[in-house]
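Chains as they are written, first to last, in the working numbering: chain A, 134 to 252; chain B, 5 to 491; chain C, 18 to 175.
No lab work stands behind these hints, which were simulated from the structure alone.
Heads up, some of the hints might be wrong.
[Stated by the list, open to error] Over 10 Å on every C-beta distance to chain B, these chain A residues come out as not near it, computed from the model:
| id | residue |
| --- | --- |
| 1 | Gly175 |
| 2 | Gly177 |
| 3 | Asp185 |
| 4 | Leu215 |
| 5 | Pro216 |
| 6 | Gly217 |
| 7 | Asp227 |
| 8 | Leu233 |
| 9 | Tyr238 |
| 10 | Val245 |
[As the list claims (entries may be wrong)] Below, computed lysine-lysine pairings styled on DSS-like, alpha-carbon distance capped at 25 Å:
| id | chain 1 | residue 1 | chain 2 | residue 2 |
| --- | --- | --- | --- | --- |
| 11 | C | Lys163 | B | Lys284 |
| 12 | B | Lys186 | B | Lys351 |
| 13 | C | Lys51 | C | Lys169 |
| 14 | C | Lys169 | A | Lys229 |
| 15 | C | Lys125 | B | Lys368 |
| 16 | C | Lys61 | B | Lys186 |
| 17 | C | Lys113 | B | Lys368 |
| 18 | B | Lys482 | C | Lys168 |
| 19 | C | Lys157 | A | Lys225 |
| 20 | B | Lys475 | B | Lys373 |
| 21 | C | Lys169 | B | Lys482 |
| 22 | A | Lys192 | A | Lys152 |
| 23 | C | Lys61 | B | Lys280 |
| 24 | C | Lys125 | B | Lys475 |
| 25 | C | Lys77 | B | Lys205 |
| 26 | B | Lys301 | B | Lys8 |
| 27 | B | Lys283 | A | Lys225 |
| 28 | B | Lys373 | B | Lys424 |
Yeah, the Cβ is synthetic: ideal placement off N, Cα and C, and Gly gets one too.
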Amino acid sequence: MERINNYEQFKKSSSGIKKERESNSSKVIIKIAMATCSIASGAGPVFDLFKDEMPKQPKEFVLIPTGCLGLCHSEPTVEVTLPGSDPVVFGKVDVKRAGLIISDYIMKGKTVDCIIEGN
Amino acid sequence: MKSKQIKIALRNCGHIDPERIEDYISYDGYAALGRCLFEDTPSSVTDKIKQSGLRGRGGGGFPTGKKWELCAASVSDKKYVICNADEGDPGAFMDRSVLEGDPHSVLEAMAICGYCIGADEGYIYIRAEYPLAIKRLKIAIAQAEEAGLLGDRIMGSDFSFKIRLKYGAGAFVCGEETALIKSMEGNRGEPIMKPPYPAQKGYMGKPTNVNNVETFANVAAILNRGAEWFSSIGTEGSKGTKVFALAGKVKNVGLVEVPMGTTLRELIYEIGGGIKSGKKFKAVQSGGPSGGCLTEKHLDTPIDYESLKAAGSMMGSGGMIVMDEDDCMVAVAKFYLEFIVEESCGKCVPCREGNKVLYNILDKITHGKGELSDLDKLKNFGNIIKSTSLCGLGQTAPNPVLSTLDNFYDEYYDHVVNKKCAAKQCRSLITYRIIEENCVGCGACKRVCPAEAISGELKQKHLIDQETCIKCGACIKKCRFNAIVVE
Amino acid sequence: MSCSEKQEQIKKTIAGICSEFNDDPNELIAILHKAQGHYGFLPKEVQSAIAERIGVPASKVYGIVTFYSYFTMEPKGKYPISICMGTACYVQGAEKVLQEFESRLEVKNGQTTADGKFSINTLRCIGACGLAPVVMIGDKVYGNVKPEEVKKIISEYK
Chain A
134 MERINNYEQF KKSSSGIKKE RESNSSKVII KIAMATCSIA SGAGPVFDLF KDEMPKQPKE
194 FVLIPTGCLG LCHSEPTVEV TLPGSDPVVF GKVDVKRAGL IISDYIMKGK TVDCIIEGN
Chain B
5 MKSKQIKIAL RNCGHIDPER IEDYISYDGY AALGRCLFED TPSSVTDKIK QSGLRGRGGG
65 GFPTGKKWEL CAASVSDKKY VICNADEGDP GAFMDRSVLE GDPHSVLEAM AICGYCIGAD
125 EGYIYIRAEY PLAIKRLKIA IAQAEEAGLL GDRIMGSDFS FKIRLKYGAG AFVCGEETAL
185 IKSMEGNRGE PIMKPPYPAQ KGYMGKPTNV NNVETFANVA AILNRGAEWF SSIGTEGSKG
245 TKVFALAGKV KNVGLVEVPM GTTLRELIYE IGGGIKSGKK FKAVQSGGPS GGCLTEKHLD
305 TPIDYESLKA AGSMMGSGGM IVMDEDDCMV AVAKFYLEFI VEESCGKCVP CREGNKVLYN
365 ILDKITHGKG ELSDLDKLKN FGNIIKSTSL CGLGQTAPNP VLSTLDNFYD EYYDHVVNKK
425 CAAKQCRSLI TYRIIEENCV GCGACKRVCP AEAISGELKQ KHLIDQETCI KCGACIKKCR
485 FNAIVVE
Chain C
18 MSCSEKQEQI KKTIAGICSE FNDDPNELIA ILHKAQGHYG FLPKEVQSAI AERIGVPASK
78 VYGIVTFYSY FTMEPKGKYP ISICMGTACY VQGAEKVLQE FESRLEVKNG QTTADGKFSI
138 NTLRCIGACG LAPVVMIGDK VYGNVKPEEV KKIISEYK
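Full structure from sequences and hints, please.
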């Protein structure tokens, strides 16, 4: 990020960054919790799988490692927002489920079990 | 789990990459700081924090705006901002989640605080047991400095603010602000008398403002969305939301942020999903080792500073441990005292000696050697320790004992008079017995018993020798015929 | 290496560590963290060297090392095992997990195995309460640990 030297520049830079985030709404947004609990539950290999497999899919995507959503009972968690849809959070995601999330939900819009309700 | 929650302190956790400052900025990050520096004055910003009604989230509940105002009023050539990230309450992980998921929210708030009180230097005192949080804070500080949003002449203004990390080393008492400051100065974490308060004389003898991580995490949101918005949430005396770490025997263990005034019942049953494994709710412990155990009759208590105190517990930092019928409340009280005895700094007699006395009595009781008079001793000593200890640790240490004695007197009575532990947790008060009718004499229990306490021939009824049995439970795990019970 | 050579080596290393912090007595805890990171523990010789370098009494350094539970005067194992005994872990059976580790490794809490490979100690809450009971080996966190899983966890390090 550029160094901010005055307030106007900050406001302009901030505005530009926000527009960039908004432009992501046309892409598949994948957020994976990578807090201490998440990593202890096995989120690392899940993240790696998305990182390796998503570039092979014919869909534009953004992969974001995040802090925890507070859903310790269902770690590892993955939130997927398809363009035009509400975010959906999957819980207890292992490498196998991650593969299904990609092939079924992301590519075909089919539900995969382990969706956490109300999130 | 979401519908009753309003995320303010946790607003960005789970949504942004904590290692990318751009992500934080895309969600109005550093906008509040910019407005403070270029469109507002220190006293006006402090007023806004006062108007919001924000109170310290570390457990003390002191009005944050008032705290900043007191420090701002101190005259000194040097002042400091300290963020208390020594989250030592067992069962609490609110601060860890904020620091791992949204470190910039704390950095921005510290800079705003520095602007308000007239400080150019800040420290985050963070426990060494949080390596990931430390890593992400270091990255965040470096990125903010590189972007000119921290360090010298922030955004080209006249205001400079640097933040450094200081590490704890495993001492719960260092969560107390004067002990924390002593530790930062390279000493044992021994609290001192207050006054003087840190706002007058703190780190290096200079006016210092100490706030908890969660308190800071609210600041930017308040300034971005307005003090009025924040104070419209919560109750009359407790504004905004509180983050709770819901743990123990509840189905949905995790981190939740609810408006102040939400009831314990809503928290445990609606958000927490109720008690797991079909067990019965017994108690919920709030406030860590400084708090008390609340029972079924307290479930409709609204969660706010005053109501929890009136019910015999306290808000604390936000740990909420749910217990069920299998938890022995006497053993729980003893567990907390054991913790306190280990963590006491040793400076004052009531805490150092008094809590050891309480622990010894509880230890006696859980080993089946307690007497009825011990229960009065617990109460009397507990009250003396509360009113004579030097700091918050000692003053609140007897709370778990006093509240369990109050709410679970029958259980204590059972332990000392009948020598029974209904929850079957206290080893000295339970016996393992083989039910003759169910025993087929397979010998599995006998083979696995490490104390050779089980006798019996193959296909004959087996028997446990109570004198030799060490109550390890290995036999009951092995038995496939439900022939062993714990009584 | 002779005793005096060892002491000289320690003084040199400690001088390097302390100078990173400008020999500032206020930074004593950070210095002790660094020194323990280097040596694995803080024996009297290291404490004396630090005291001398930054100009504080050795008794003060000793008082700090013995006050904070993170610091140890005994060497830890190559794989230090920390079992969380915070409230959430306690109610989920952490004591039984501790007992299983003690039984399998044949050492008690606070001790190191004879081959120096494993040491056991208890921690008061590392903040992963959602995964109670929790065990840390080095920096790696294991969650939802049952006594039956202890054998497998230990075998990862053999």
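Checked hints:
No Cβ of chain B comes within 10 Å of the Cβ of A:Gly175; the nearest lies about 15 Å off, and the non-interface call holds. Chain B leaves A:Gly177 outside its interface by the beta-carbon criterion, the shortest separation being 12 Å against a cut-off of 10 Å. Non-interface call for A:Asp185 relative to chain B: holds, since the shortest CB-CB distance, roughly 18 Å, exceeds 10 Å. Every C-beta of chain B lies more than 10 Å from that of A:Leu215, the closest at about 17 Å, which supports listing it as non-interface.
Distance check for A:Pro216 against chain B: the nearest CB is about 17 Å away, which clears 10 Å, and the non-interface claim stands. Interface exclusion of A:Gly217 from chain B stands, the closest Cβ pair being 19 Å apart, more than 10 Å. For A:Asp227, the requirement that its beta carbon stay farther than 10 Å from each beta carbon of chain B is met, with the minimum near 19 Å. For A:Leu233, the condition that its CB be more than 10 Å from all CB atoms of chain B holds, with the nearest at approximately 22 Å.
For A:Tyr238, the non-interface assignment is confirmed: its Cβ lies about 19 Å from the closest Cβ of chain B, beyond the 10 Å cut-off. With 10 Å as the threshold on Cβ separation, the claim that A:Val245 sits away from chain B holds: the shortest Cβ distance comes to roughly 19 Å. With a C-alpha separation of about 23 Å, the suggested pair C:Lys163 and B:Lys284 falls inside the 25 Å cut-off, and the hint holds. For the suggested pair B:Lys186 and B:Lys351, the alpha carbons sit about 13 Å apart, so the restraint of at most 25 Å is met.
Between C:Lys51 and C:Lys169 the alpha-carbon distance is near 32 Å, which puts this suggested pair outside the 25 Å criterion. Simply put, C:Lys169 and A:Lys229 have alpha-carbon atoms about 23 Å apart, close enough for the 25 Å limit, and the pair holds. Our distance criterion of 25 Å between C-alpha atoms is met by C:Lys125 and B:Lys368, whose separation comes to about 23 Å. With a C-alpha separation of about 23 Å, the suggested pair C:Lys61 and B:Lys186 falls inside the 25 Å cut-off, and the hint holds.
Of the pairs offered as hints, the one joining C:Lys113 and B:Lys368 holds, with about 21 Å between alpha carbons and a cut-off of 25 Å not exceeded. A threshold of 25 Å between alpha carbons decides the hint, and for B:Lys482 with C:Lys168 the separation of about 18 Å falls inside it, so the pair holds. For the proposed pair C:Lys157 and A:Lys225, the alpha carbon gap of about 19 Å is at most 25 Å, so the pair holds. Distance check on the hinted pair: B:Lys475 and B:Lys373 sit about 18 Å apart at the alpha-carbon level, within 25 Å; holds.
Our distance criterion of 25 Å between C-alpha atoms is met by C:Lys169 and B:Lys482, whose separation comes to about 20 Å. This hinted pair checks out: A:Lys192 and A:Lys152 have alpha carbons roughly 21 Å apart, not beyond 25 Å. About 50 Å separates the Cα atoms of C:Lys61 and B:Lys280, which puts this hinted pair outside 25 Å; it is violated. Only pairs whose Cα atoms come within 25 Å are accepted, and C:Lys125 paired with B:Lys475 is accepted, the gap being roughly 19 Å.
With a CA separation close to 23 Å, the supplied pair C:Lys77 and B:Lys205 stays within the 25 Å bound. Of the pairs offered as hints, the one joining B:Lys301 and B:Lys8 holds, with about 22 Å between alpha carbons and a cut-off of 25 Å not exceeded. Straight-line distance between C-alpha atoms of B:Lys283 and A:Lys225 comes to about 24 Å, which keeps the hinted pair within the 25 Å bound. Taken as a hint, the B:Lys373 and B:Lys424 pair is honoured in the structure, with Cα atoms around 11 Å apart against an allowance of 25 Å.
Consistency with the previously given hints fails for numbers 13, 23, ordered from lowest to highest.
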